[in-house]
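S.K.: Residue numbers (UniProt numbering), protein chains in the order written: chain A, 1 to 197; chain X, 1 to 197.
Hints in this document: simulated from the structure, not taken from any laboratory. Values in this document were obtained by computation on a predicted structure and should not be read as measured data. Among the clues, some could well be false.
Which bits of chain A does chain X cover? Going by a derived footprint, with three or more residues having C-beta under 8 Å, they are [to be verified]:
no., segment
1, 8-20
2, 27-34
3, 78-86
4, 115-122
5, 134-146
6, 150-162
Using N, Cα and C, we set each Cβ at its ideal position, and we do this for glycine too.
Read off the chains here:
There are 2 protein chains.
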Amino acid sequence: MSNDTDDLDNLIALMAKLPGLGPRSARRAVLHMIKKRGLVLLPLAEAMHRVGTTARECLNCGNIGTKDICDICESPKRATGEICVVEDVADLWAMERSQVFKGRYHVLGGTLSALDAIGPDELRIPKLLDRIKVEDISEVILALGATIDGQTTAHYIADQLPGVKVTSLAQGVPVGGELDYLDDGTITAALNARKAL
Amino acid sequence: MSNDTDDLDNLIALMAKLPGLGPRSARRAVLHMIKKRGLVLLPLAEAMHRVGTTARECLNCGNIGTKDICDICESPKRATGEICVVEDVADLWAMERSQVFKGRYHVLGGTLSALDAIGPDELRIPKLLDRIKVEDISEVILALGATIDGQTTAHYIADQLPGVKVTSLAQGVPVGGELDYLDDGTITAALNARKAL
Ligand SMILES: [Zn+2]
Ligand SMILES: [Zn+2]
C-alpha cells in the first residue's frame, strides 16, 4: 500500500486488534465502512466517540452504563434480595437477554487465577462482601463459568459468606463453557435448576 | 439492557452490521473497546473520523487514497504499460501484498450481473476503455474471480478491446492447497490448464 493510505492502514490495524477480527476481516470491514461512509463509517465514529466519553462502570455492581450507579442498581423493582454474580459484563447481558432473572448483579471483572496472579483484590470481590452487609440480600447466585478458575472463584466466594444462602447455576452449563456462548433456553434451565453450594 | 445503554446498544448494532461480525462478536468487540478506551476506543473513533473525511476514490483507477489521483497512478515507476483489472479494492490490496505486479490497476467496483442488473455503466468499464485509449497500454491483465459473473465480465471486457493484448490470471490449485479441499470446478480448471514439467 502506498503512503497516502496511512490513515487507512492505521484504521485497519486498529480494527484488526478487536477480538474476533483479523487482518482480512478488518480490511473487508473498513472497505465496507468507506463504501457506506454516511450510513456506517461516520455514525460508527460518532457512536464510538459518544461511548468513549459517556460509558462508565457502575460503582456498585460493575455493569456498564452512563451514570455512577446503573439503572439496574437504581431500580426498586430489581431489589429482590438476589444478587447474581458474573465474571463479565457480557455475561450480565446474556442473563438479561434470557429475562429470567429479576434481581441485581455483581460483575467480578474476571475469575481468580493462580496462573495469572489474579487474587480477590484484583476482582470486585471486596465490594461484593460489602454489598452483602449493606443491602438486604437473601441469596447470592454464582453464575460463573464451568471452568476450573470459575469454580475456584465460586468456592472462594461461598467460603467468604457463612450464613448467606449461596447457590450456583446448575450443571447444564457445558464443562469449559462460557455463559456468553449459551442460548437463552440453556441459561433459563440452568438458573431454574440452581442448587445450594 | 436498560435505558442508560442507548449509546452502547447503538454502537453494538452498528458494529454488528459490519461484514464478518454478528451481534455476539459485536458485543465482545465493544466491551473490549470500552476496557481499552484510551488504547482502542478513542483511537478507533478518531481513525474512523479521519478516514471518513479524507478517504476518496482515485478518479483514474478507483483505488482508495486521500487524493484525487492515487499514489500508484501518480508514480512514474508504475507506468509499465500494464493495467491489472480487479473487481474490488480488497483485490488490489491482495495483489499489492504479493508484490509481484509492478504496473497500475483498474478497480471495476464489482462484476457484470444479469441477476442484479449490473451492466457496464454501473461498473468502471467506460473509464477503463478511456484509459486504454489515453495511456500507453501494452497489456490488460484481468484478475477477476473464477466465478460465472467474473468470467462473463472478463469476456465482455476482452471483446471491447480488439487489438489489445488481454490476459487473465491462470486458474489452478492454490499454492499449498490440498486437492481434497478444492471444488470440482477448480480441479477441472487446473487439469485443463496442465503443463508439461
Ligand atoms: Zn449497577
Ligand atoms: Zn489510481
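S.K.: Each hint: holds or not?
M.R.: Status of the hints after comparison with the structure:
For the segment 8-20 of chain A, the stated coverage by chain X holds: 9 residues have a C-beta nearer than 8 Å to a C-beta of that chain, and at least 3 were required. As drawn, the segment 27-34 of chain A meets chain X at 8 residues by the rule of a beta-carbon pair under 8 Å; at three or more, the given contact holds. By the rule of at least three residues with a Cβ nearer than 8 Å to a Cβ of chain X, the coverage given for the segment 78-86 of chain A is violated, with 0 such residues. Residue count for the segment 115-122 of chain A with a Cβ under 8 Å from a Cβ of chain X: 0. That is fewer than the three needed, and the coverage hint is violated.
Note: the segment 134-146 of chain A has 0 residues with beta-carbon separation from chain X under 8 Å; the three-residue rule is not met and the coverage is violated. Residues of the segment 150-162 of chain A lying with their CB closer than 8 Å to a CB of chain X number 0, which falls below the three-residue condition for coverage.
Going down the numbered hints, you'll see the structure goes against 3, 4, 5, 6, while the others check out.
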